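4 protein chains.
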Amino acid sequence: MSTSTLTDYGISEALKQLGINEINNGVCTGTKWFETPGEVLESYSATDGQLIAKIKQGTKDDYEKIIQGAEKAFKEWRMMPAPHRGEVVRQIGDELRKYKEPLGKLVSYEMGKIYQEGLGEVQEMIDICDFAVGLSRQLYGLTMHSERPKHRMYEQYHPLGIVGVISAFNFPVAVWSWNAMLAMVCGDVVLWKPSSKTPLCAIATHNIIAKVLKQNNVPEGVCSLIVASSKHVGDNFLADTRVPLISATGSTRVGKRVGAIVGERLGRSLLELGGNNAIIISEHADLDMALRAVLFGAVGTAGQRCTSTRRLIIHESVYENFKQKLVGAYQHIRIGHPLDSKTLVGPLIDKSAVADFNTAIERVKGEGGTILCGGENLNGDGYESGCYVVPAIAEVKKNLPIVCHETFCSTALHHEIQNHR
Amino acid sequence: MSTSTLTDYGISEALKQLGINEINNGVCTGTKWFETPGEVLESYSATDGQLIAKIKQGTKDDYEKIIQGAEKAFKEWRMMPAPHRGEVVRQIGDELRKYKEPLGKLVSYEMGKIYQEGLGEVQEMIDICDFAVGLSRQLYGLTMHSERPKHRMYEQYHPLGIVGVISAFNFPVAVWSWNAMLAMVCGDVVLWKPSSKTPLCAIATHNIIAKVLKQNNVPEGVCSLIVASSKHVGDNFLADTRVPLISATGSTRVGKRVGAIVGERLGRSLLELGGNNAIIISEHADLDMALRAVLFGAVGTAGQRCTSTRRLIIHESVYENFKQKLVGAYQHIRIGHPLDSKTLVGPLIDKSAVADFNTAIERVKGEGGTILCGGENLNGDGYESGCYVVPAIAEVKKNLPIVCHETFCSTALHHEIQNHR
Amino acid sequence: MSTSTLTDYGISEALKQLGINEINNGVCTGTKWFETPGEVLESYSATDGQLIAKIKQGTKDDYEKIIQGAEKAFKEWRMMPAPHRGEVVRQIGDELRKYKEPLGKLVSYEMGKIYQEGLGEVQEMIDICDFAVGLSRQLYGLTMHSERPKHRMYEQYHPLGIVGVISAFNFPVAVWSWNAMLAMVCGDVVLWKPSSKTPLCAIATHNIIAKVLKQNNVPEGVCSLIVASSKHVGDNFLADTRVPLISATGSTRVGKRVGAIVGERLGRSLLELGGNNAIIISEHADLDMALRAVLFGAVGTAGQRCTSTRRLIIHESVYENFKQKLVGAYQHIRIGHPLDSKTLVGPLIDKSAVADFNTAIERVKGEGGTILCGGENLNGDGYESGCYVVPAIAEVKKNLPIVCHETFCSTALHHEIQNHR
Amino acid sequence: MSTSTLTDYGISEALKQLGINEINNGVCTGTKWFETPGEVLESYSATDGQLIAKIKQGTKDDYEKIIQGAEKAFKEWRMMPAPHRGEVVRQIGDELRKYKEPLGKLVSYEMGKIYQEGLGEVQEMIDICDFAVGLSRQLYGLTMHSERPKHRMYEQYHPLGIVGVISAFNFPVAVWSWNAMLAMVCGDVVLWKPSSKTPLCAIATHNIIAKVLKQNNVPEGVCSLIVASSKHVGDNFLADTRVPLISATGSTRVGKRVGAIVGERLGRSLLELGGNNAIIISEHADLDMALRAVLFGAVGTAGQRCTSTRRLIIHESVYENFKQKLVGAYQHIRIGHPLDSKTLVGPLIDKSAVADFNTAIERVKGEGGTILCGGENLNGDGYESGCYVVPAIAEVKKNLPIVCHETFCSTALHHEIQNHR
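Protein chains in written order, with the numbering used here: chain R, 21 to 441; chain X, 21 to 441; chain P, 21 to 441; chain D, 21 to 441.
Take these hints with a grain of salt, some might be off.
Remember, identical chains collapse to one label, so a pair may be satisfied in a single copy or spanning two.
[Unchecked claim] No more than 20 Å apart at the CA atoms, straight line, and that leaves these computed lysine to aspartate or glutamate pairs for EDC-like:
(1) K85 x D308
(2) K170 x E96
(3) K276 x D255
(4) K418 x E303
(5) K231 x E167
(6) K231 x D114
(7) K52 x E115
(8) K418 x E33
(9) K231 x E62
(10) K170 x D306
(11) K120 x D28
(12) K80 x E55
(13) K74 x E33
It should be emphasised that the hints constitute simulated quantities derived from the structure, not laboratory data.
Note that the structure is a prediction, hence the values are computed from the model and not measured.
Next up, chain R with everything else stripped away, as it sits in the complex (with noise of 0.2 Å):
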């Protein structure tokens, strides 16, 4: 680990803040961590290349372990008042805030995401954490009344047990807690299985909430992390009749087994998967906000989002108008280290996401696309990391096969609809 450059934004400060150290276990019930005996994981910043820490990974005993924590603890979670399991919520939120600079920072370095795109993520945690303290007195059912005299019925809402919840490396943090959040006030408990790509941040967020864990005396197995590979926690997790619901979050392919191997055992599943969204810009458009708007929905995060702008449909009469200010506009785009404030944007998560890029790339002119600018990758001082890339442009018909579907990176790609209404 080269000092130096973790020094550089205060990166081996917040390290030591969050509690990162060089060798670190992956697995916990909270606040206790496991000394487990699996393959060691490395952690590399998208940013400089750099290796970060290690991770010990949790095995298929520790599984088994982690859920037989977590059955025990629900035992004894579900029957604390939906109350005081919001005020452990409200304790975590405001643990949140304190760690929120150096989470922030992690998130940026671990990922790539710019700093305030690492900072706005750790608000989203503190937000949902608000929303939730709210919620625990508010987890209405509903009073009916029954067509037999002298009857009435009512729903009385009990937890579901142990929510698996598979984040993605794009949200590193802020998915785990739109859904430990929510179900820890439920009752329910949470297994959180993270990104292989950005254990770290998943880590360095349990650090943040033990505290509070311990100090309210919350039973271990509430909260529960376990980084592994997907050949020791995988499809055994997705068919695991314990565990009655499946968040997960990642590609649609991914998505798809999910609700295979859930479906198949009638458990439930909560999916956020991708997406190919469009933006329509139309003959009245106000021409400058919709090209903020563009930029900020295809190029933030690197494209990473599933909610990035991946194609834009624009009417004829202001099309040429509209292409020449979005390709001006894409020309001034600060590419560089997502912790330098002038950045707008970092790299992407790893070198295999940049072939995925350039073959896109390629694609595009295959299918008779033209590039208008970008598309490069970007090498030397600042990009040793191997994975910048330049946001492009492609002009295409809209009938390309690449444009029917979700391309994971910052590929803006337009195309023109005639005749409209």
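Given chain R, put chains X, P and D in place with the hints provided.
Same frame as chain R, but now just chains X, P and D:
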């Protein structure tokens, strides 16, 4: 009663179908009508000035009997499961479907609104029945988690008791149904005091529902009616602690009196009062669509709706243009017998309303406004009742006193807004 | 077809009223029936073993046509305002009221449940119509305040598209109506694949609603029916991405298959599967009320409900007493033709179900349980169909394997709980 | 001010922490306190009869200024997104957590309830903050389907404006917070008129929230306070059309006055008034649990809660037994200084309340009831304030007039119900 007039437009046939006799009792507990020694009320049609029928009004003694019957009926009715109450309401809806034409005709003839509006009003009765039937299986309360271990909380809605419904002449049947049908599915019982200007509509309505009440053995007192002078059923009704909810439609002046008297006894009041609605015509407006909207809003029901359009606020850039269009359109408004299918505007409710209209016209002039068109009283053939006037458009400065208060008849007042933003 | 049998209980008259012919088409888009070259299905009554009628089943081609028609109908239907769709459903409810007796009789005759249960099932259809009509004006979403200044958020619910309804023999019409009536007010269109054991109930239902669909010009394809073998409309139906929601009723085994196939394509499934319900009789129980509840729960619908009582768990202090009461009561259960008003228990659905029943009895014995009463197959006069059995009570240890799984016929299994608290 | 007394129980330290001076301004717009020429109010502790501090009360002019400021603040505050308003409320909750002990102590000392109840009241303030923060992202309205093609409807909730809060002495801070925190997240502004018997609690509360208001640049006028005599801020407040909602806590007599005056101007009122609650002890009751419940309900807050238990209705079969238990328990009630941790019952609010208590005791006797225990006034050491009485139990016939109305102090009245069912 001039038979020749009544046969016009099939009115005498409608009266027969609706069970309206020359003299009718005005007090009823559902299916049973009281012999009452009360004063006789005569209902004349604003349409042609003819006496339609007479009503024996209720006395204070009748009121007392009705209330006691309602209290007794409530004890039984509230124990009937809501879906069974809903079944009664469903049958009322079906019965109203059968009598839609004659009842719509009577509404038109006794009150003066055009036939299509009369039918529309009965359709609103039918619609609320459908809505209420659905509600009868959805009278939802909430269940909530408690902060005490092993406790839970839930809401169980109970009916209030007697709901007093005071309705106005301009919607002689629909407003009752909105209140009564919802009250009935909730397990409340209803006492209706209709406007003395439209008592026959109320009696006809009760004749229609009586069959359903009888067939379902609904206790006498669940749906009561009292046609009475305010001397006998007025403030004493409002102040009656046996009537937990008063729902009143009428002028703002009356509403304030209801609010005060019911408020003082910690009762509940539901008030549907006047309005002084304006339509704003901006420089971006589609003037043709705006013209239709203004016309419908201003002259519909001869301007006697709480939602009637009484003011227009027009941007200076389209002011002259729109003014001319509107004045032009007013020339083609067909004023006449509301049962004539070519009529757009019928009579005002009575001669007193005509006097108010004339006063308003004079006030407009006195305060410096200009009558652009209309404002005359109509006489002669077809206008023998003396209740017909020509809808007026006045051009005024925005700060005229008369513009700031409701004028409950067909006067559309225009003024100009300059330098809008 | 033996006329003499059919005239018993007025069945042939009912079939005529319901439009059931000797041979019927099994594929319909609402009012239009397809001529199909598909295999003929014969529907025999479990009641008396008679052939009721024949059905020409749909093929893969028919399925394809039906789906394309449904897609087309959806485009129109979803644009009709929800209250108008509700009006269609209201009329369906009224039409079902008219045909309640013949349809209830056919349900009883084709499926074997007693006439009162057949009528009750049609009443449930009527009730859901009333509920759905109310919902048609209440398809509520939420509006929410945004964290962005001058912005607001709201939900706008849109219909899904084609809802596939797969129903089971034990509730041959009600389950369809629960799904179809709600789907229809929401703007969805419905494709119904009924159980091959009760196809005539489905055809009769479609004959009833056809009048309403026609009268309201409901597009062909809003309510479709396909009687078909699973070979032709089976997994291909489940996997069809043009059917966003599959609602299936059936065994848990089938449910898991639906869950897997629909889950894999990220579809939605609504599953109503089996159960293995127990009633706990505590030492405080009112034994007479418990007896009635157990009897109704265990032998109603010949134990062929997902909610049938299949197990009793009885406190030791009342065990012997309650056991004797129950065995005594079982002696008086009247088993016979379900249209005979004295009958309490009719036949099982077919001979295959009788074989399953016999197997279960043998398993109970083999696993060490004791049959306290019942378990015999009935033959001879009135039992010619070979589908009648005597409900059995078995006394077993709580941990017998057979107790842990659903036996979908009338076997009530008792065992004892000791040292309760 | 006797320092020696105030230092007892840490009161002078608490006053210092809460910013209470010898003389305090009583009018505030959030962070700014008005210099007012109004009459001085002196707040004495019921506990020890000592003067705690003085307050300069607001005049009619102050009221006018406050209202105008609130109107102005409303225009700004309502435009702040609800979640941002929620963030202010969250910080108020955190600030109340910091001051829970001193504020709880002041509540106890100024009003007379025991310290645990004082703390409990502040906890309720904190809880409502958490609840309101959650609500700030959930201010839900409904969206609905329209009966018009291509139209939809939705509710958009808008804040009302100024919410007037009139609080009573018995809950000097919690009731304000329930109203104010919900009003604030909704975008309303609040004007608080506290009871003249507990003005210092209100001033201390405003000192606590001032820091948060300042830090968040909340406009002056969002949270206003006016300590004033009813001569200056009384009916004029109720009648003020600039205050669309009046939330008042107090006696039923006062509530009726609010209802009438606010009702007359078509305003809204939220009333939390008295009660005359009974506990029914049936023959099946767990008498030990009932005893604890009655004791807590009857003597808590010295019987000065709207929810205090004032009547017991006991089944004859357990009547004597329970009566003896209760009279026995009353012997052990520790009456004394509310800040002494051994005390269960503190003083009544003032000598006038003692006089009312004595009158009630005499009325009981005069009407034929028997005082079973208690009823004495306490004097001497520790009781110098003259506000301490001994809770009484009266045995009465059920139809005594005094039983039918609320007696707002600690008198538990027993009587017997015979032939239950």
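Hint check results:
| no. | hint | in the structure |
| --- | --- | --- |
| 1 | K85 x D308 | neither (56 Å within a copy, 45 Å between copies) |
| 2 | K170 x E96 | between (35 Å within a copy, 12 Å between copies) |
| 3 | K276 x D255 | both (12 Å within a copy, 17 Å between copies) |
| 4 | K418 x E303 | within (18 Å within a copy, 38 Å between copies) |
| 5 | K231 x E167 | neither (51 Å within a copy, 23 Å between copies) |
| 6 | K231 x D114 | both (11 Å within a copy, 19 Å between copies) |
| 7 | K52 x E115 | within (18 Å within a copy, 32 Å between copies) |
| 8 | K418 x E33 | neither (49 Å within a copy, 61 Å between copies) |
| 9 | K231 x E62 | neither (26 Å within a copy, 47 Å between copies) |
| 10 | K170 x D306 | between (62 Å within a copy, 18 Å between copies) |
| 11 | K120 x D28 | within (18 Å within a copy, 43 Å between copies) |
| 12 | K80 x E55 | within (14 Å within a copy, 58 Å between copies) |
| 13 | K74 x E33 | within (17 Å within a copy, 53 Å between copies) |
Going through the hint list in order, the structure does not satisfy hints 1, 5, 8, 9.
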